[in-house]
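Undergrad: Using the sequences and the accompanying hints, generate a full structural model.
Residue numbers (the working numbering), protein chains in the order written: chain A, 38 to 151; chain B, 38 to 151; chain C, 38 to 151; chain D, 38 to 151; chain E, 38 to 151; chain F, 38 to 151.
Each hint can be trusted.
No copy is singled out in the list; a pair is fine if it fits within one copy or between any two copies.
In silico lysine-lysine, BS3-like type, Cα no more than 27 Å apart, as pairs:
no., residue 1, residue 2
1, K41, K116
2, K116, K140
3, K76, K51
4, K83, K41
Rather than coming from a laboratory, the hints here were simulated on the basis of the structure.
The structure presented is a predicted model; accordingly, all values stated were derived computationally and were not measured.
6 protein chains.
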Amino acid sequence: MSQKVQEFNEYRSKMNEKILSNDNKIIKRIFNLDTNAFKEGHLPVKTKELLGLVASAVLRCDDCIAYHLETAHKSGVTKEEVMETLSIATLVGGTIVIPHLRKAYEYWEVLESN
Amino acid sequence: MSQKVQEFNEYRSKMNEKILSNDNKIIKRIFNLDTNAFKEGHLPVKTKELLGLVASAVLRCDDCIAYHLETAHKSGVTKEEVMETLSIATLVGGTIVIPHLRKAYEYWEVLESN
Amino acid sequence: MSQKVQEFNEYRSKMNEKILSNDNKIIKRIFNLDTNAFKEGHLPVKTKELLGLVASAVLRCDDCIAYHLETAHKSGVTKEEVMETLSIATLVGGTIVIPHLRKAYEYWEVLESN
Amino acid sequence: MSQKVQEFNEYRSKMNEKILSNDNKIIKRIFNLDTNAFKEGHLPVKTKELLGLVASAVLRCDDCIAYHLETAHKSGVTKEEVMETLSIATLVGGTIVIPHLRKAYEYWEVLESN
Amino acid sequence: MSQKVQEFNEYRSKMNEKILSNDNKIIKRIFNLDTNAFKEGHLPVKTKELLGLVASAVLRCDDCIAYHLETAHKSGVTKEEVMETLSIATLVGGTIVIPHLRKAYEYWEVLESN
Amino acid sequence: MSQKVQEFNEYRSKMNEKILSNDNKIIKRIFNLDTNAFKEGHLPVKTKELLGLVASAVLRCDDCIAYHLETAHKSGVTKEEVMETLSIATLVGGTIVIPHLRKAYEYWEVLESN
Numbered sequence: 038m039s040q041k042v043q044e045f046n047e048y049r050s051k052m053n054e055k056i057l058s059n060d061n062k063i064i065k066r067i068f069n070l071d072t073n074a075f076k077e078g079h080l081p082v083k084t085k086e087l088l089g090l091v092a093s094a095v096l097r098c099d100d101c102i103a104y105h106l107e108t109a110h111k112s113g114v115t116k117e118e119v120m121e122t123l124s125i126a127t128l129v130g131g132t133i134v135i136p137h138l139r140k141a142y143e144y145w146e147v148l149e150s151n
Numbered sequence: 038m039s040q041k042v043q044e045f046n047e048y049r050s051k052m053n054e055k056i057l058s059n060d061n062k063i064i065k066r067i068f069n070l071d072t073n074a075f076k077e078g079h080l081p082v083k084t085k086e087l088l089g090l091v092a093s094a095v096l097r098c099d100d101c102i103a104y105h106l107e108t109a110h111k112s113g114v115t116k117e118e119v120m121e122t123l124s125i126a127t128l129v130g131g132t133i134v135i136p137h138l139r140k141a142y143e144y145w146e147v148l149e150s151n
Numbered sequence: 038m039s040q041k042v043q044e045f046n047e048y049r050s051k052m053n054e055k056i057l058s059n060d061n062k063i064i065k066r067i068f069n070l071d072t073n074a075f076k077e078g079h080l081p082v083k084t085k086e087l088l089g090l091v092a093s094a095v096l097r098c099d100d101c102i103a104y105h106l107e108t109a110h111k112s113g114v115t116k117e118e119v120m121e122t123l124s125i126a127t128l129v130g131g132t133i134v135i136p137h138l139r140k141a142y143e144y145w146e147v148l149e150s151n
Numbered sequence: 038m039s040q041k042v043q044e045f046n047e048y049r050s051k052m053n054e055k056i057l058s059n060d061n062k063i064i065k066r067i068f069n070l071d072t073n074a075f076k077e078g079h080l081p082v083k084t085k086e087l088l089g090l091v092a093s094a095v096l097r098c099d100d101c102i103a104y105h106l107e108t109a110h111k112s113g114v115t116k117e118e119v120m121e122t123l124s125i126a127t128l129v130g131g132t133i134v135i136p137h138l139r140k141a142y143e144y145w146e147v148l149e150s151n
Numbered sequence: 038m039s040q041k042v043q044e045f046n047e048y049r050s051k052m053n054e055k056i057l058s059n060d061n062k063i064i065k066r067i068f069n070l071d072t073n074a075f076k077e078g079h080l081p082v083k084t085k086e087l088l089g090l091v092a093s094a095v096l097r098c099d100d101c102i103a104y105h106l107e108t109a110h111k112s113g114v115t116k117e118e119v120m121e122t123l124s125i126a127t128l129v130g131g132t133i134v135i136p137h138l139r140k141a142y143e144y145w146e147v148l149e150s151n
Numbered sequence: 038m039s040q041k042v043q044e045f046n047e048y049r050s051k052m053n054e055k056i057l058s059n060d061n062k063i064i065k066r067i068f069n070l071d072t073n074a075f076k077e078g079h080l081p082v083k084t085k086e087l088l089g090l091v092a093s094a095v096l097r098c099d100d101c102i103a104y105h106l107e108t109a110h111k112s113g114v115t116k117e118e119v120m121e122t123l124s125i126a127t128l129v130g131g132t133i134v135i136p137h138l139r140k141a142y143e144y145w146e147v148l149e150s151n
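TA: Structure (C-alpha cells):
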C-alpha cells in the first residue's frame with residue numbers, strides 16, 4: 038500500500054483505539070453503527086459506499102472521503118462510478134466542493150496504483 | 038396526486054419558469070446540469086436518485102429531499118431502499134437530520150398513497 | 038400546554054412512531070442514543086441540555102432548538118442561562134443564527150407562560 | 038408595502054425588541070455590529086448589501102436573504118445585479134441553494150411591485 | 038508546554054495581532070466579544086467552555102476545538118467531561134465529526150501531558 | 038511569485054487538468070461555469086471577486102479563499118476592501134470563521150509582498 042494511504046490508516050486506527058478505550062458508551066455505539074450501516078442490506082455494499090462518499094463530499098470532509106474511497110475501491114467500484122458520484126456532489130454542494138474533489142482524485146490515483 | 042405534492046410541484050415549476058425567463062446564463066446552465074446529472078450513465082438512475090437524496094438529507098434541504106423522493110419513487114425505488122439511504126444520512130449527518138427525516142417520511146407516505 | 042408546543046410534540050411523536058415501526062436498525066439505534074446521551078453522567082442533565090441547545094442553534098435547526106428548550110425548561114434551566122447559551126451560539130455561529138434566536142425566544146416565552 | 042414584507046418586518050422588529058430588552062450584552066453588541074458593518078466604508082453600501090446577500094444565500098438563510106434583498110432594494114440595487122449575485126451563490130453553494138433562489142425571486146418581485 | 042500547543046498559540050497570537058493592527062472596527066469588536074462571551078456570568082466558565090467546545094465540534098473547526106480544549110483544560114474541566122461533550126457533538130453532528138474527534142483527543146492528550 | 042502561492046497554483050492546475058481529462062461532462066461544465074460567472078457583467082469583476090471571497094469565507098474553504106484573494110488582488114482590490122469583506126464574513130458566519138481569517142490575512146500578505 039502506498040505510504041499516504043498507510044499513514045492515514047495507521048493514524049486513524051491508533052486514535053480510534055484510544056478513543057474507544059474510554060468508557061464513553063455513546064461514542065462506542067456510534068462507531069459500531071458506522072460499521073453496521075454500510076453492510077449489505079436492501080441496498081448492495083457498493084451503492085452504500087457511494088452514498089457514504091457523496092455525503093462525505095457535500096459535507097466536505099477529506100478524511101471521510103478518503104475512507105469511503107478506500108472501502109469503495111475494495112468493493113469493486115470503478116473510477117467512472119466514483120467520478121459520477123463526485124460530479125453529483127459537486128453539483129449539489131457547489132464549487133466549494135472542488136478543492137475536496139482534487140484531493141479525492143489524488144487519493145483515488147494512489148489507491149489504483151497499488 | 039395528493040394536494041401537498043401538487044402544490045409543491047406547481048410552486049416549483051412556476052418559480053423556475055420565472056427565474057429562467059431572465060437572461061442569467063449561469064443559473065440557466067446550472068438548472069440544465071441538474072437535469073443531466075441524474076440521467077442514466079455509468080450508474081443507473083435509481084442509484085443516482087439515492088445519491089441526490091442522501092446529499093439533500095445531510096445538507097438538510099427539505100425541498101431537495103422532496104424532489105428526490107418523488108423522482109426516486111418514479112424510478113421504482115422501494116421504501117426499504119429509501120429508509121436505508123436516510124439511515125446513512127442520519128448517521129453521517131447526525132441527529133440534526135432527524136426533523137428532516139420526519140418530513141421525508143411524511144412526504145414518502147403521500148407519494149405511496151397516490 | 039400551549040397549542041404551539043402541543044402541536045409540535047404531537048407531530049414529532051406521531052412521525053417518530055411511524056419511523057420506528059420500520060425494521061431499520063440504524064435509525065432505531067440513533068433514536069435510542071439520542072435519549073441516552075442526555076442522561077445524567079459526568080455532566081449534569083442541565084449542562085447537557087445546554088450543550089444540545091447550543092449545538093442545535095449553531096447548526097440552525099429550529100425543531101432541535103425547540104426540543105432542547107423544552108427539555109431544558111423541564112430540567113430547571115433559567116431564562117438567563119438560555120440567553121447566555123444562545124449568545125454564545127450567535128457569536129460562534131454568526132448573525133445567520135439570529136432568525137433562529139427570534140424563534141427560540143418566542144418558543145421559550147410559550148414554555149414559560151404555561 | 039405588501040402584506041408579506043410587512044408581516045416579516047413586524048415579526049422581526051417585535052422579536053428583536055424583546056430580545057434586546059434582556060440584559061445580554063453579547064447579543065446586544067452583535068445586533069449593533071450588524072447595523073454598523075453594512076454602512077458606507079471603503080466599500081459602498083450597495084456592494085456591502087450584495088456581500089450580505091451572497092453570504093446569506095450560500096448559508097441558506099431565507100430570512101437573512103429577505104432582509105438583504107430589502108436593504109439592497111432600498112439602496113438602489115437592480116434586478117440584474119441581484120440575479121448575478123444569486124447566480125454566484127448558486128454556483129458556489131450548489132443546487133442546494135435553488136429552493137432559496139425561488140423564495141428570493143418571489144420576495145424580490147414583491148419588493149419591486151410596491 | 039508541548040511544541041504542538043506552543044506553535045499553534047504563537048501562530049494564533051501573531052496573526053491576531055496583525056489583523057487587529059488594522060483599522061477594521063467590526064473585526065476588533067468581534068474579537069473583543071469573543072473574550073467577553075466566555076467570562077463568568079449566569080453560567081460558570083467551565084460550562085461556557087464546554088458550550089464553546091461543542092459548538093466548535095459540530096461546526097467542525099479544528100482550531101476552534103483546540104482553543105476551547107485548552108481554555109477548558111485551564112479552567113479545570115476533566116477528561117470525562119470533555120468526552121461527554123464530544124460524544125454529544127458526534128451524535129448531534131454525525132459521524133462527519135469523527136475525524137475532528139480524533140484530532141481533539143490527540144490535542145487533549147498533549148494538554149494533559151504537560 | 039512566492040513559493041506558497043506558486044505551490045498552491047501548481048497543485049491546483051495539475052489536479053484540475055487530471056480531473057478534466059476524464060469524460061465527466063458535469064464536472065467539465067461546472068469548471069467552465071466557474072470561469073464565466075466571475076467575468077464582467079452587470080456587476081464589475083472586482084465586486085464579483087469580493088462576492089466569491091465572502092461566499093468562500095462563510096463556507097470556510099481555505100483554498101477557495103486563497104483563489105479569490107489572488108484574483109481579487111489581480112483585479113486591483115485594495116487591502117481595506119478585502120478586510121471589509123472579511124469583516125462581513127466573520128460577522129455573518131461567526132467566530133468560527135476566524136481561523137480562516139488568519140490564513141486569509143497571511144495569504145494576502147504574501148500576495149502583496151510579490
